[in-house]
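Asks: Protein chains in written order, with my numbering: chain A, 2 to 433; chain B, 2 to 433; chain C, 2 to 433; chain D, 2 to 433.
Be a bit skeptical, because a hint or two may be false.
For chains that are exact copies, the list does not tell them apart, and a pair is met inside one copy or across any two.
[As the list claims (entries may be wrong)] Result set (DSSO-like, lysine-lysine): computed pairs, CA atoms no more than 27 angstroms apart in a straight line: (1) 212 - 148; (2) 277 - 400; (3) 266 - 38; (4) 264 - 14; (5) 383 - 320; (6) 212 - 14; (7) 320 - 14; (8) 251 - 4; (9) 4 - 421; (10) 4 - 264; (11) 14 - 277; (12) 383 - 406; (13) 38 - 14; (14) 264 - 277; (15) 320 - 148; (16) 251 - 90.
Hint data in this document are derived by calculation from the structure and do not stem from the laboratory.
There are 4 protein chains.
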Amino acid sequence: MTKPPYGLLEEEKVFKDPVHRYIHVRDELIWELIGTKEFQRLRRIRQLGTTYVTFHGAEHTRFNHSLGVYEITKRILEVFKGRPGWDEKDRLLALSAALLHDVGHGPFSHSFEKVFDTDHEEWTREIVLGDTEVNKVLSHVSPTFPKEVADVIEKTSPNKLVTSMISSQIDADRMDYLQRDAYYTGVSYGHFDMERILRVMRPTEDQVVIKQSGMHAVEDYIMSRYQMYWQVYFHPVTRSAEVILTKILKRAKELSDQGYDFKQKPNHFYSFFDGKGSLEDYLRLDEAITMYYFQIWQDEEDRILSDLCVRFLNRHLFKYVEFNPNLRMNDWPILQDLFRQADLNPDYYLVIDSSSDLPYDFYRPGEEEERLPIHLVMPNGKLRELSRESDVVEAISGKKRTDHKLYFPLDCLEDEREHKEVKQKIRDILNV
Amino acid sequence: MTKPPYGLLEEEKVFKDPVHRYIHVRDELIWELIGTKEFQRLRRIRQLGTTYVTFHGAEHTRFNHSLGVYEITKRILEVFKGRPGWDEKDRLLALSAALLHDVGHGPFSHSFEKVFDTDHEEWTREIVLGDTEVNKVLSHVSPTFPKEVADVIEKTSPNKLVTSMISSQIDADRMDYLQRDAYYTGVSYGHFDMERILRVMRPTEDQVVIKQSGMHAVEDYIMSRYQMYWQVYFHPVTRSAEVILTKILKRAKELSDQGYDFKQKPNHFYSFFDGKGSLEDYLRLDEAITMYYFQIWQDEEDRILSDLCVRFLNRHLFKYVEFNPNLRMNDWPILQDLFRQADLNPDYYLVIDSSSDLPYDFYRPGEEEERLPIHLVMPNGKLRELSRESDVVEAISGKKRTDHKLYFPLDCLEDEREHKEVKQKIRDILNV
Amino acid sequence: MTKPPYGLLEEEKVFKDPVHRYIHVRDELIWELIGTKEFQRLRRIRQLGTTYVTFHGAEHTRFNHSLGVYEITKRILEVFKGRPGWDEKDRLLALSAALLHDVGHGPFSHSFEKVFDTDHEEWTREIVLGDTEVNKVLSHVSPTFPKEVADVIEKTSPNKLVTSMISSQIDADRMDYLQRDAYYTGVSYGHFDMERILRVMRPTEDQVVIKQSGMHAVEDYIMSRYQMYWQVYFHPVTRSAEVILTKILKRAKELSDQGYDFKQKPNHFYSFFDGKGSLEDYLRLDEAITMYYFQIWQDEEDRILSDLCVRFLNRHLFKYVEFNPNLRMNDWPILQDLFRQADLNPDYYLVIDSSSDLPYDFYRPGEEEERLPIHLVMPNGKLRELSRESDVVEAISGKKRTDHKLYFPLDCLEDEREHKEVKQKIRDILNV
Amino acid sequence: MTKPPYGLLEEEKVFKDPVHRYIHVRDELIWELIGTKEFQRLRRIRQLGTTYVTFHGAEHTRFNHSLGVYEITKRILEVFKGRPGWDEKDRLLALSAALLHDVGHGPFSHSFEKVFDTDHEEWTREIVLGDTEVNKVLSHVSPTFPKEVADVIEKTSPNKLVTSMISSQIDADRMDYLQRDAYYTGVSYGHFDMERILRVMRPTEDQVVIKQSGMHAVEDYIMSRYQMYWQVYFHPVTRSAEVILTKILKRAKELSDQGYDFKQKPNHFYSFFDGKGSLEDYLRLDEAITMYYFQIWQDEEDRILSDLCVRFLNRHLFKYVEFNPNLRMNDWPILQDLFRQADLNPDYYLVIDSSSDLPYDFYRPGEEEERLPIHLVMPNGKLRELSRESDVVEAISGKKRTDHKLYFPLDCLEDEREHKEVKQKIRDILNV
């Protein structure tokens with residue numbers, strides 16, 4: 002018996018959502034996608050990685066956020082419906098891409114990808130195109146549908162309009178995460194008038210554009226983004242936990258490379274230590290699995306691995322000082338050497354972490370990261386790049402801000418039972 | 002060198018909290034307690050167990066809630082300060098008990114306690130009195146302080162006033178969880194004017210009482226509680242996940258009792274299977290550990306264990322029908338037998354779950370669960386029990402509401418490849 | 002040149018509204034109605050009369066509220082669209098009636114109607130059917146349209162469904178004012194999940210009914226209403242201002258009846274003093290006009306009129322005590338007499354004010370005020386009256402609560418320069 | 002009998018406030034000031050003048066706002082208490098100045114002051130120092146206290162710290178109005194983390210400064226201010242109503258100057274027409290009085306006065322076009338002449354309105370409007386001007402933005418029954 006094509010659900014399903022009040026699902030396709038095990042797995046991956054150590058409310062998951070991006074996209078489509086420039090046949094493409102755009106994220110993606118040299122965007126592609134429940138559901142729409150969805154998520158799709166709805170400088174993804182992360186952390190940034198922005202979005206062949214009358218709401222959104230980056234996403238305490246997490250993974254890999262005999266084999270990680278992790282291996286990973294290993298590694302013989310895991314779980318984080326990459330050049334080898342003398346491996350206990358953000362930019366041809374600018378539709382129908390109309394946006398356009406910090410275990414440096422003098426020297430240099 | 006007694010922190014510490022805006026810590030004692038590994042462990046235990054499968058926002062942890070109860074208690078103390086009936090020397094006792102009242106909770110406590118016959122209140126006592134970081138910190142106040150805190154949490158303390166601040170029908174615990182759970186789930190219930198309630202709370206020898214002018218705010222709080230129980234806490238879908246979770250633990254224990262050879266030894270659970278779990282064993286448990294086992298058990302040989310784990314992780318839950326415990330009496334053995342014929346072990350696949358709540362009650366001497374009623378202080382200084390003043394509260398006082406549901410895997414019953422007829426019979430009886 | 006029939010506006014108009022975020026107008030008809038001078042006049046009539054003396058935020062007007070009722074009705078219609086039982090041709094009828102349902106309100110309606118024996122419902126009818134801009138706009142739809150709108154507002158329309166949207170125990174009017182009045186006063190009552198209620202409303206021939214799954218949201222709404230009545234609408238301080246206001250109007254009328262020579266003629270009021278106020282006269286009245294007279298009457302010779310106006314403007318209100326209409330029977334003539342002896346006219350300075358509310362009722366045939374009950378549609382399609390399903394609603398159904406208070410100028414009674422002994426007697430009786 | 006000096010109220014009084022939740026009054030002095038008739042009069046003067054014609058929620062009054070500024074000041078004082086640099090004896094000075102800072106505002110101050118050449122700051126001084134209830138209450142503190150309060154409000158006080166709490170670039174006044182005006186209009190701007198800002202405010206001899214850790218909250222506040230100015234305060238529709246209002250007052254004055262015989266004498270205005278308004282005259286004025294005259298002037302013989310009043314009351318506003326003061330130079334006399342030909346007096350019907358705002362500025366010696374900049378206290382204790390630390394603030398510092406619009410009655414220009422050709426010419430020039 003052939004399964005009939007997807008249609009509408011008999012009765013609309015609703016999810017209670019604190020950010021958008023309700024998330025509504027009418028399409029069988031979407032309902033089926035949500036039910037796949039690859040999508041349900043997002044319930045076990047936090048949206049903001051280690052941010053919860055700084056903002057205790059930030060325990061929400063990517064499942065949460067993905068539903069939110071879907072809902073915003075659905076609302077954009079309600080505005081587009083019937084307008085010139087919008088083809089209703091792209092509806093399910095936009096909704097599916099919105100829902101699945103983060104499906105390839107793994108546990109603590111940022112650190113994981115750095116250590117194991119993988120990329121969540123590639124995993125997303127594999128999940129959409131590979132032998133998965135997600136692929137089965139998408140293929141039921143049409144044999145080419147999974148590829149179309151993957152292309153939108155990867156920004157290689159010829160359908161630039163749909164692509165810009167999911168990823169551009171003002172897209173459903175950002176609009177959801179700014180509001181959602183603000184809600185769960187409780188910070189007062191992250192608010193902007195999304196309802197207004199949705200109402201002034203207009204479809205064009207190349208991208209979503211904004212009616213000029215909505216410029217101030219967009220300004221407010223850009224400022225929200227700016228504040229969220231520096232107040233929440235790049236919070237130095239969060240980065241301290243992230244630094245430790247990265248070093249745990251790095252140490253475990255290094256030990257494995259050296260043939261270290263783990264008390265309990267880290268089976269879930271071996272293939273990644275070897276750079277051969279399969280999709281199946283990847284999908285088994287989540288934050289519960291990762292935290293399980295961190296916990297048992299507390300009892301490992303290796304002092305570094307065990308110490309870092311104790312620190313991570315019990316929130317004994319590294320302290321930090323501002324770090325000027327130029328000025329400190331000469332100090333660096335000296336510092337590393339002093340750490341070694343103090344019996345602290347500088348590869349793990351003296352860490353530079355840099356964050357940088359470019360809150361908004363217009364198109365700068367030839368530059369590394371070309372960004373599609375936000376365009377306003379003026380009353381006369383012409384398009385105009387946002388920063389030409391907005392003083393505030395103009396002021397921050399293209400201004401990359403970078404912050405360098407040096408992380409280290411201050412508690413060890415203050416423990417004067419051993420290496421008292423060398424630790425004093427270090428503290429003098431670090432001025433702590 | 003002797004450690005100096007706890008005093009005030011040089012600089013107040015603040016936590017950003019979405020429910021109370023900020024949580025402020027000035028006491029070194031409180032700061033030290035928060036930093037203990039037993040308290041940090043609460044970050045790995047969700048506040049609402051399996052509720053997140055129904056309300057995706059409900060991913061917040063007991064760490065979150067415990068800070069909230071502390072903050073509310075702190076605000077009550079600001080109102081009490083200087084009032085007759087309040088002794089400022091009990092301040093740290095109240096704050097410590099508030100912070101630690103849930104420290105003994107384990108992963109998915111409700112199911113865990115049912116299957117392994119333990120009790121989070123006993124664990125709390127052991128954590129406070131045993132060989133733990135928490136105990137060390139508390140003992141630094143005075144040798145008897147841990148016992149005083151434990152007694153308040155256990156409600157055996159002679160200090161009835163402080164006890165009633167932490168556990169009574171209107172206490173800091175309930176006021177926090179109603180608001181917090183409403184915030185994270187996004188439901189519109191759970192709101193009441195806490196600021197008003199705090200301002201009308203007054204200390205008496207026996208309990209916290211409420212100025213009569215605040216009666217309506219209290220009514221609103223009681224109604225919030227009523228709505229939250231039936232709309233959130235007892236949601237039938239949440240209970241379905243809870244049923245499955247309980248059956249997973251039960252199956253694992255049963256298999257272990259039978260000497261089943263697990264592919265990977267569930268070391269974290271063995272002592273609990275045997276009823277011999279130590280405090281150390283218990284503190285190792287958290288929801289990450291539990292989820293780790295659920296995930297690897299998906300690959301176990303035992304079909305029941307593996308099926309239940311797959312269901313839990315991928316949210317393939319049991320369906321339910323209303324169940325009238327009297328009417329169905331006769332059907333019950335028949336149903337069980339039909340399940341067996343359909344190759345579905347009724348011990349795991351046919352489950353009655355009952356929830357009941359008594360939203361408010363006054364003192365009924367001799368009854369099973371004697372509850373301290375809420376008292377209003379009238380303008381003339383006399384106390385009056387709440388339900389005598391409030392029509393609305395009177396209407397629901399002492400009215401226990403119970404709900405029985407029967408859970409089963411509808412998908413299996415609809416799979417007609419095998420046992421077609423017997424499954425049809427079952428569906429006829431269940432009317433599904 | 003004939004004016005073309007009303008259609009859709011070229012571009013939707015939006016009003017920023019703090020309660021519903023935005024109010025959207027697409028219909029030319031609605032836009033024209035909002036622009037009429039009779040509707041704009043509602044900007045000069047407060048929604049909550051004298052409540053602002055108690056809750057300083059309650060300065061919003063009936064213009065505000067009327068737009069809100071329109072918006073909610075519009076949202077209900079979006080749910081109804083395409084459902085059996087709803088005829089899209091009634092759309093403009095529902096929207097117009099929603100917008101205009103309060104257009105006949107005058108300044109401080111409650112007091113005004115009591116003193117001058119008029120009725121805002123009659124004035125609404127006259128505005129809709131008489132020689133007004135509103136009538137002109139409505140007549141442009143069809144010659145019978147004004148009458149249809151008036152009938153809906155008056156609840157005499159054969160269209161019971163549309164009538165129940167505007168006035169029933171769960172209608173757009175109440176849903177707006179509970180939320181709006183809560184918002185502007187700042188009280189924490191008045192919140193309920195309107196979005197949920199709207200989604201479960203269903204049209205039937207006789208009335209709007211509610212899907213059973215939405216019962217708890219309706220319970221919450223009923224409780225909000227209950228709390229708002231006693232916490233806000235019947236606040237004793239508000240009623241004190243209302244008592245004084247009523248007595249000002251009564252005194253002015255009485256003086257006019259007696260041929261009193263006002264320093265400045267109260268031209269706006271004469272026809273109402275004589276019971277002959279025309280629609281034109283009525284439309285000239287608003288709260289600015291009323292306050293103008295109150296201000297100039299502060300300088301009138303008549304001591305009572307001038308004193309009451311000073312009290313009203315400077316918020317020197319009457320105090321109150323609880324009043325038991327039965328117990329005090331005998332005291333009443335004595336009290337009145339004592340007031341006279343103390344040179345305080347009891348007709349103006351000793352006032353009983355009673356408020357009573359019936360938060361919800363089902364149909365009780367033959368009773369004075371027959372109310373259409375709220376019906377739930379059960380999963381089997383049958384209707385069931387709300388209180389039969391909800392314990393909480395059942396508990397308060399049909400329970401009328403009445404509150405009697407006695408108002409008087411305590412300041413005068415405490416001024417012992419004259420009538421010291423008689424004032425002491427009064428204070429003893431009143432126990433103040 | 003001598004009245005005892007002011008102390009604390011027996012029981013704290015609270016006002017329910019939607020913005021700050023509760024406003025608390027413990028000081029008898031403050032309670033007495035709120036009760037004065039000059040302060041109660043602020044209930045009859047809207048906070049945002051004609052803004053309600055654009056944002057219908059903006060009906061709140063200066064009474065509202067004044068309580069809010071008092072409450073914020075009280076909260077700042079709670080932070081200052083006990084800190085070096087703060088002298089608790091200035092507490093009542095700060096609270097009184099906060100409460101009274103706007104007490105001199107009249108009806109629609111902006112227009113009123115422009116036409117009658119008065120200044121609300123002078124009136125405030127007169128109210129504080131003159132023969133008023135406010136002065137009596139203040140004098141009861143000490144004979145010099147009224148003068149001290151007036152000096153703070155006028156910014157001539159030697160107490161620069163207290164002055165900066167009430168009026169500076171980050172003061173209690175602005176913090177209240179931004180939040181309050183956002184709340185009542187319903188716009189999503191105007192939110193910032195005031196609780197955070199209050200916690201990082203520190204007293205110094207010269208002004209309130211901000212701990213550097215709170216810089217981002219201050220940035221957010223500055224951006225809120227920027228958005229509120231352009232989105233709310235300078236909204237072109239509001240300014241259209243303001244233009245008409247100004248012209249009504251101007252016309253009435255002009256007619257009076259010409260000896261015009263008003264049907265009803267505008268007694269409340271005569272002394273202001275003549276530039277001789279006394280404090281007593283001024284205190285009689287409020288928005289009810291003003292609206293009363295606007296209503297009766299609708300029936301005046303003078304066509305301009307009557308037309309403008311009809312427009313104002315029924316919201317038949319002027320339309321506008323952008324106006325470039327340079328480019329249009331030559332057109333201007335031509336336009337004025339064409340208006341005259343079209344029988345439209347350009348003095349009333351062709352109006353340029355300019356708004357300009359400087360969202361933040363640092364000290365620029367010698368410039369017209371020297372502004373006290375916001376200073377951050379760095380961790381090393383040094384002060385640093387805000388824009389040197391904040392990119393965003395730096396970007397908008399000192400950038401005055403000005404907007405010129407030309408207002409005119411488009412309806413008249415489109416009425417082609419008379420002067421068809423000249424009106425066509427005007428429309429061509431104005432491009433409407």
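Asks: Indicate, hint by hint, whether the structure satisfies it.
Replies: Status of each hint after checking the structure:
no.: 1; hint: 212 - 148; result: neither (32 angstroms within a copy, 41 angstroms between copies)
no.: 2; hint: 277 - 400; result: neither (39 angstroms within a copy, 57 angstroms between copies)
no.: 3; hint: 266 - 38; result: both (26 angstroms within a copy, 25 angstroms between copies)
no.: 4; hint: 264 - 14; result: neither (47 angstroms within a copy, 39 angstroms between copies)
no.: 5; hint: 383 - 320; result: between (52 angstroms within a copy, 24 angstroms between copies)
no.: 6; hint: 212 - 14; result: between (32 angstroms within a copy, 15 angstroms between copies)
no.: 7; hint: 320 - 14; result: between (47 angstroms within a copy, 16 angstroms between copies)
no.: 8; hint: 251 - 4; result: neither (47 angstroms within a copy, 37 angstroms between copies)
no.: 9; hint: 4 - 421; result: between (74 angstroms within a copy, 21 angstroms between copies)
no.: 10; hint: 4 - 264; result: neither (49 angstroms within a copy, 37 angstroms between copies)
no.: 11; hint: 14 - 277; result: neither (40 angstroms within a copy, 45 angstroms between copies)
no.: 12; hint: 383 - 406; result: between (45 angstroms within a copy, 23 angstroms between copies)
no.: 13; hint: 38 - 14; result: within (19 angstroms within a copy, 41 angstroms between copies)
no.: 14; hint: 264 - 277; result: both (23 angstroms within a copy, 24 angstroms between copies)
no.: 15; hint: 320 - 148; result: neither (46 angstroms within a copy, 35 angstroms between copies)
no.: 16; hint: 251 - 90; result: neither (47 angstroms within a copy, 50 angstroms between copies)
In terms of the numbered hints stated before, the structure departs from hints 1, 2, 4, 8, 10, 11, 15 and 16, listed from lowest to highest.
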